[in-house]
Amino acid sequence: MFSKKFIITSPRDKEFIAVIRTSVFTYSNLLGLSLDYIEDIKLAVSEACNNIVLHSPSEDTPFYVEFCVVDDYFCVDIIDSLGSFSFSNYTAPDISEINTGGFGIFIIEALTDEFAVDTINGAQVMSLKFKLNGEL
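Going by this note's numbering, the first residue of the sequence shown is number 1, and it counts up by one from there.
Hints were generated in silico from the structure; no laboratory data involved. One should not assume that every hint holds.
As the list claims (entries may be wrong) - Below, simulated EDC-like cross-link-like pairs (lysine to aspartate or glutamate); rule was C-alpha separation at most 16 Å, straight line:
(1) K129 - E66
(2) K131 - D40
(3) K131 - D77
Using the sequences and the accompanying hints, generate a full structural model.
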């Protein structure tokens, strides 16, 4: 099975989220995942990256996206040295209310098998894990 680590350094620009989505597709395809599952993974990763771009205090500092396989999981870590999004203030949205925003974390949690946010060496790390042997 394909298991090499892949790292993207991305500008904080919404135009580059498409590049990340294409990379997610290519890596997931190498793992032999189904197209429907890959679409779910792309959406979750896009939402995480979009949070960084939307809430970033600066466009000058890049963020990083790492793909790898650990045990039976496709793991995606999104690393933000600026800690652009405040997870401590996050509350889940009321899905009965129509709103133009605020559903990114809700979507990520729904589409991942495991989702965590940690601070490692001063950087905010969003870890998204997807089972290789099953679909959502």
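Results of checking the hints against the structure:
A C-alpha spacing of about 12 Å is found between K129 and E66, which places the hinted pair at or below 16 Å, so the restraint holds. Among the hinted pairs, K131 with D40 is consistent with the structure: their alpha-carbon atoms are about 12 Å apart, no more than 16 Å. Under the criterion of a C-alpha separation no larger than 16 Å, the hint pairing K131 with D77 is consistent with the structure, at around 15 Å.
Going down the numbered hints, you'll see the structure goes against none, and every one checks out.
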